[in-house]
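Visitor: Spelled out from the first residue to the last, the chains are:
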Amino acid sequence: MELIFEKSIEGRTGFCFGSSDVPDKAQISEKYLRQDEAALPETSELDVVRHYTRLSQRNFSIDTHFYPLGSCTMKYNPKFTEMLSNLAGFRNLHPLLAQLSGGERWTQGALQVLYELEGLLCEITGFSAFTMQPLAGAHGELTGIMLMAAYHKAKGNTHKKYVIVPDSAHGTNPASAALAGFEIISIPSNKEGGMDLEALKAAVNDETAGLMMTVPSTYGLFESHVSEIAQIIHQVDGIMYYDGANLNAVLGRLRPGDVGFDVMHINMHKTFATPHGGGGPGAGPVGVNEKLVDFLPVSRVVQKENGMYALNYRYDKSIGYIASFYGNFGVLVRAYAYILMLGKEGLRETASHAVLNANYIMRKLQKHYKICFDHLCMHESVFSASNQLERGVHAIDIAKFLIDQGIHPPTVYFPISVPEAIMIEPTETESKQTMDRFIEKMIEADQLSQTNPQAFKEFPKTMPITRPDEVKAARDIKTSFFQKIASP
Amino acid sequence: MNPYIANTPRESSELLKAIGVENIDALFVDIKSEHRPKSFDLPEGLSEYEVVSHITSLSLKNNIYVVPFIGGGYYDHYIPAAVSALISRGEFYTAYTPYQPECAQGTLQALFEYQSSMCALTGMDVSNASMYDGGSALYEAMMMAIRMTGRSKIIIDGGVSPIYRKIIKTYTHHLSYEFQETPVVHGQSSREEINRLLDTNTAAIILQNPNFFGAVDDFTDINEMAHQKGVMAIVSVYPISLGLLKTPASMGADIVCGEGQSLGLPLNFGGPYLGFLCTRKKYIRKMPGRIVGETVDSLGRRSFVNTLQAREQHIRREKATSNICTNVSMCAIQAAIFMAMVGKSGLRQMAHLNVAKAEYAKGLLSKIKGVEVKKSAPTFNEFTVHLPKDASVVIENMMDKGFAAGFALGRYYKGLERYLLVAVTEKRTKDEIDRFAKAMDEVLWS
Amino acid sequence: MEIEDSFLYTKEHEWISIEDNIATMGITDYAQDALGDVTYVELPEEELEVEQFEQFVSVESVKAASDIFAPMGGRVVEINRKLEDTPDLINKDCYGKGWIAKIEVRDMDESTELMNAEEYRNYLESLAH
Chain U
35 MELIFEKSIE GRTGFCFGSS DVPDKAQISE KYLRQDEAAL PETSELDVVR
85 HYTRLSQRNF SIDTHFYPLG SCTMKYNPKF TEMLSNLAGF RNLHPLLAQL
135 SGGERWTQGA LQVLYELEGL LCEITGFSAF TMQPLAGAHG ELTGIMLMAA
185 YHKAKGNTHK KYVIVPDSAH GTNPASAALA GFEIISIPSN KEGGMDLEAL
235 KAAVNDETAG LMMTVPSTYG LFESHVSEIA QIIHQVDGIM YYDGANLNAV
285 LGRLRPGDVG FDVMHINMHK TFATPHGGGG PGAGPVGVNE KLVDFLPVSR
335 VVQKENGMYA LNYRYDKSIG YIASFYGNFG VLVRAYAYIL MLGKEGLRET
385 ASHAVLNANY IMRKLQKHYK ICFDHLCMHE SVFSASNQLE RGVHAIDIAK
435 FLIDQGIHPP TVYFPISVPE AIMIEPTETE SKQTMDRFIE KMIEADQLSQ
485 TNPQAFKEFP KTMPITRPDE VKAARDIKTS FFQKIASP
Chain W
3 MNPYIANTPR ESSELLKAIG VENIDALFVD IKSEHRPKSF DLPEGLSEYE
53 VVSHITSLSL KNNIYVVPFI GGGYYDHYIP AAVSALISRG EFYTAYTPYQ
103 PECAQGTLQA LFEYQSSMCA LTGMDVSNAS MYDGGSALYE AMMMAIRMTG
153 RSKIIIDGGV SPIYRKIIKT YTHHLSYEFQ ETPVVHGQSS REEINRLLDT
203 NTAAIILQNP NFFGAVDDFT DINEMAHQKG VMAIVSVYPI SLGLLKTPAS
253 MGADIVCGEG QSLGLPLNFG GPYLGFLCTR KKYIRKMPGR IVGETVDSLG
303 RRSFVNTLQA REQHIRREKA TSNICTNVSM CAIQAAIFMA MVGKSGLRQM
353 AHLNVAKAEY AKGLLSKIKG VEVKKSAPTF NEFTVHLPKD ASVVIENMMD
403 KGFAAGFALG RYYKGLERYL LVAVTEKRTK DEIDRFAKAM DEVLWS
Chain Y
103 MEIEDSFLYT KEHEWISIED NIATMGITDY AQDALGDVTY VELPEEELEV
153 EQFEQFVSVE SVKAASDIFA PMGGRVVEIN RKLEDTPDLI NKDCYGKGWI
203 AKIEVRDMDE STELMNAEEY RNYLESLAH
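Chains as they are written, first to last, in the numbering used here: chain U, 35 to 522; chain W, 3 to 448; chain Y, 103 to 231.
Hints are computed from structural coordinates only; laboratory data are not their basis.
One should not assume that every hint holds.
Below, computed lysine to aspartate or glutamate pairings styled on EDC-like, alpha-carbon distance capped at 20 Å [to be verified]:
#1 Y:Lys194 x U:Asp503
#2 W:Lys40 x U:Asp292
#3 W:Lys376 x W:Asp443
#4 W:Lys416 x W:Asp392
#5 Y:Lys199 x Y:Glu180
#6 W:Lys19 x U:Asp470
#7 W:Lys288 x Y:Glu180
#8 Y:Lys199 x Y:Asp187
#9 Y:Lys184 x U:Asp510
#10 U:Lys512 x W:Asp299
#11 W:Lys288 x Y:Glu147
#12 W:Lys432 x U:Asp55
#13 W:Lys284 x W:Glu226
#14 W:Lys369 x U:Asp58
#15 U:Lys475 x U:Asp438
#16 W:Lys284 x Y:Asp187
#17 U:Lys398 x W:Glu24
#18 W:Lys19 x U:Asp408
#19 W:Lys34 x W:Glu24
#20 Y:Lys199 x Y:Glu104
#21 U:Lys466 x W:Glu13
#22 W:Lys416 x W:Glu374
#23 W:Lys284 x Y:Glu186
#24 U:Lys404 x U:Asp350
#25 W:Lys288 x Y:Asp169
#26 W:Lys171 x U:Asp350
#27 U:Lys378 x W:Glu46
#28 U:Lys506 x W:Asp299
#29 U:Lys325 x U:Glu241
#30 W:Lys34 x U:Asp350
#31 U:Lys59 x W:Asp433
#32 U:Lys491 x Y:Asp139
#33 W:Lys283 x Y:Glu144
#34 U:Lys512 x Y:Glu147
#35 Y:Lys194 x Y:Glu104
#36 W:Lys283 x Y:Glu186
#37 W:Lys40 x U:Glu474
Only chain U is shown next, with the shape it has when bound in the complex (with noise of 0.2 Å):
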């Protein structure tokens, strides 16, 4: 399709400022001004409008298609939590109001907010306070491990050197933990897809900093022998951290912090349900049992004697910023929202269909498919192509199958362990219609690969592009409509 700006015509305008009502004179000398006008298309509103309509066509999304993308939670994002972040009170509110002195007063709407929606995630995971801050699931990560070494280093543990990370874990555990300064220590899991407990206790010394689990793991388990890793790493005074991607499995069913986790983030966009934006903006809050409160960023929303809340800065262990203001106030609200929508039950029910849901897909699945665990999953299931890959049809093949039948693929070749992983999370809201429909087409992906795997090199037909070229996308690197690179 045309970019908007091949459709760009010299002395279009899409919107109109209005001329000025005030004394209108040059004040700006020449040297600072540049030379020429920013190349931004020239179009009307309905070429904008239609444009980026048009555009919208192009994808697939949960508000069009079946997404089962695992690891991802794509569940529907209620419309009614949009609405609300949409408010006058909330959109049109400047961060900087909150700052001023006496500021609190034009802004305890949305402090409260903040304040009981950190309440609220502290029941829900048993920790004693979050912060809202970090902007995403990778930021809080690295919040995480940040208080993590201010933990050591108040403490006097000058040592602690390594961070432990099952190599099942995603690509973020270790790139935010290598940020703060940590190495890494990779560990394998054992058959059942656990954490090989014998290679952990020969990992652990008195260097170890702490330990980054998912829990529910990628592989879509339960490790059970959670407490007792977490007594291995607290014995060499290692903080445990829970990295809350997956969440959503065991809401009302699991609290980190009761299982000797001290800290967690909590990507919002996948179980508080907000939207996934294409690809943010996300949102990442942090919680903290009572070893790490003190180190927590500022600010913090605290209530006061008489009632009002107020941002409180004065912290003399804290981190300091990690970000401008107060997180992305616009997730927040949507996911304080759905939060009070569901309630107690509700966000029970939430890991119990999401984990009904996901049984019942592997079990579909796991004639026609090689699973790699055998055992009740989670959110999540685990397959591999490989009985698929032997007619030479890859996991990648049969993802780009389901798009010609209207289905966003699952994950592959994720997680990085399992020889092409196919990775199904169908999440609560997903009906047995649309689940038999998936599974319908995911046989016939097999039956095809038994009498025609040739057909799936041609995978997508139905799409605007059949599979592009990423090699010459790397190589003859064009990322800007007025810039050609020849490798730089």
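Put chains W and Y on the given structure of chain U with help from the hints.
Guide: This is chains W and Y only, laid out in the frame that chain U set:
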């Protein structure tokens, strides 16, 4: 209880039967009884209208009815209705990261257009597909410079937003990098002091235009000094100002970043916002974050994909250029639509209106007894005034008269308690500015 | 998998060919096959001093990035600049035109740490099991 669950009780039983377990609890056998929650004392669920009513009432406890003259890097610009309408399409906001390009061309092309517009705006060769916000973009720019130079000292100009400086301080302190601040003298960056501190251990000099006090500068000379010592020049910019002001590229900046909220995003009490990061083409592989590239499909048709992913955490793990996983695609697309709506001449016009209205406000305020408008440097749409009283007190009194008068510099700068930072965007009418000046006079003198 | 009989090999799948005190190095057929289409090679600076088994190059494909280690220590005397524009030489001719760097070797004894073709062939077989 949970209206978003589709399974009826009968269907749930069918699913359980297919799985071969008695009930839902049986699916959770791996969670031993000692691991069960010690408490789960949450409120009972509510109906949609009860939640709407509660949260709407909270939104009304925020005072958004005052006329805003507050900025500090975040501005009350007009957002054309078409921008909000288009970005509220579920096809955009309920999609995820475009892992499967064939069914995500909408997101990918829109991000490519965003990258292109950011290049047009800043004059740089390449832009990534966005970062969390202006503060995190600055942090990532700093880390990029540290990686590229292998050096460990950061110089940051006092004119850079104090909020950003605090963020940078948190991370540099934590990672044991050296952090030096240079002063602002008469509203502008101190060339002398920067030159004194620049050395061959410096990874980057960080500057901001216009600076936090509103002053417009031309950093060409500073960037040259930096380059002589092999130092990367990072410039944070306010994108709307680029409708008029010299681009950071033409000043010789190596990395350009900033807060993109002003490009069609609401104030949202601090987020979600939009961080942008642009650089020169030769540094593209060192740039963190997602990047969309153009290629062709198997039939030779133009296609867009996430490219240069080998730098990213899901492949590089602990060796990645950054730990970030998501960007803020939706905000970037919103900005792309805004820039298309406003367009080439519109952006210049918008920038021009901001300057004209700010100058008008300056003129009126400087006529008030005891109010001094700092004139040492040109300004864009924000400027500093010296008041005969504590700015915090004046702001509180102005609130009662219906104005958010600005930001009290004393909040972040010791000794500047009587300074007020005033922002005037295209949305402020002559009448509002007239009433603002009148109210200020009354607050100060009656 | 092709293996050059006269070359020496590392466990990280680099090859080295020594003539006088100059060693030419690159990655093996096995490595290029595992990486897939190479899109970029980050070459070292000439004159760089490297230790044996120190990481000094990285090779990127669409789906992976791989660190390349110096098979022997010494000074980098020449780099294959053709890889800047045509990184696919590594895929097309990994033992020839796809060479990466030439190192002036400091200590010939370091070669005892490397495998000969026979040993490397056995090593690859052991990986397959």
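Visitor: State for each hint whether it applies.
Guide: Checked hints:
{"no.": "1", "hint": "Y:Lys194 x U:Asp503", "verdict": "holds, 18 Å"}
{"no.": "2", "hint": "W:Lys40 x U:Asp292", "verdict": "holds, 7 Å"}
{"no.": "3", "hint": "W:Lys376 x W:Asp443", "verdict": "holds, 18 Å"}
{"no.": "4", "hint": "W:Lys416 x W:Asp392", "verdict": "holds, 12 Å"}
{"no.": "5", "hint": "Y:Lys199 x Y:Glu180", "verdict": "holds, 14 Å"}
{"no.": "6", "hint": "W:Lys19 x U:Asp470", "verdict": "holds, 15 Å"}
{"no.": "7", "hint": "W:Lys288 x Y:Glu180", "verdict": "violated, 24 Å"}
{"no.": "8", "hint": "Y:Lys199 x Y:Asp187", "verdict": "holds, 13 Å"}
{"no.": "9", "hint": "Y:Lys184 x U:Asp510", "verdict": "holds, 15 Å"}
{"no.": "10", "hint": "U:Lys512 x W:Asp299", "verdict": "holds, 15 Å"}
{"no.": "11", "hint": "W:Lys288 x Y:Glu147", "verdict": "holds, 17 Å"}
{"no.": "12", "hint": "W:Lys432 x U:Asp55", "verdict": "holds, 6 Å"}
{"no.": "13", "hint": "W:Lys284 x W:Glu226", "verdict": "holds, 18 Å"}
{"no.": "14", "hint": "W:Lys369 x U:Asp58", "verdict": "holds, 18 Å"}
{"no.": "15", "hint": "U:Lys475 x U:Asp438", "verdict": "holds, 10 Å"}
{"no.": "16", "hint": "W:Lys284 x Y:Asp187", "verdict": "holds, 13 Å"}
{"no.": "17", "hint": "U:Lys398 x W:Glu24", "verdict": "holds, 17 Å"}
{"no.": "18", "hint": "W:Lys19 x U:Asp408", "verdict": "holds, 18 Å"}
{"no.": "19", "hint": "W:Lys34 x W:Glu24", "verdict": "holds, 18 Å"}
{"no.": "20", "hint": "Y:Lys199 x Y:Glu104", "verdict": "holds, 15 Å"}
{"no.": "21", "hint": "U:Lys466 x W:Glu13", "verdict": "holds, 7 Å"}
{"no.": "22", "hint": "W:Lys416 x W:Glu374", "verdict": "holds, 19 Å"}
{"no.": "23", "hint": "W:Lys284 x Y:Glu186", "verdict": "holds, 12 Å"}
{"no.": "24", "hint": "U:Lys404 x U:Asp350", "verdict": "violated, 54 Å"}
{"no.": "25", "hint": "W:Lys288 x Y:Asp169", "verdict": "holds, 16 Å"}
{"no.": "26", "hint": "W:Lys171 x U:Asp350", "verdict": "holds, 15 Å"}
{"no.": "27", "hint": "U:Lys378 x W:Glu46", "verdict": "holds, 6 Å"}
{"no.": "28", "hint": "U:Lys506 x W:Asp299", "verdict": "holds, 10 Å"}
{"no.": "29", "hint": "U:Lys325 x U:Glu241", "verdict": "holds, 19 Å"}
{"no.": "30", "hint": "W:Lys34 x U:Asp350", "verdict": "violated, 40 Å"}
{"no.": "31", "hint": "U:Lys59 x W:Asp433", "verdict": "holds, 18 Å"}
{"no.": "32", "hint": "U:Lys491 x Y:Asp139", "verdict": "holds, 18 Å"}
{"no.": "33", "hint": "W:Lys283 x Y:Glu144", "verdict": "holds, 15 Å"}
{"no.": "34", "hint": "U:Lys512 x Y:Glu147", "verdict": "violated, 26 Å"}
{"no.": "35", "hint": "Y:Lys194 x Y:Glu104", "verdict": "holds, 12 Å"}
{"no.": "36", "hint": "W:Lys283 x Y:Glu186", "verdict": "holds, 14 Å"}
{"no.": "37", "hint": "W:Lys40 x U:Glu474", "verdict": "violated, 41 Å"}
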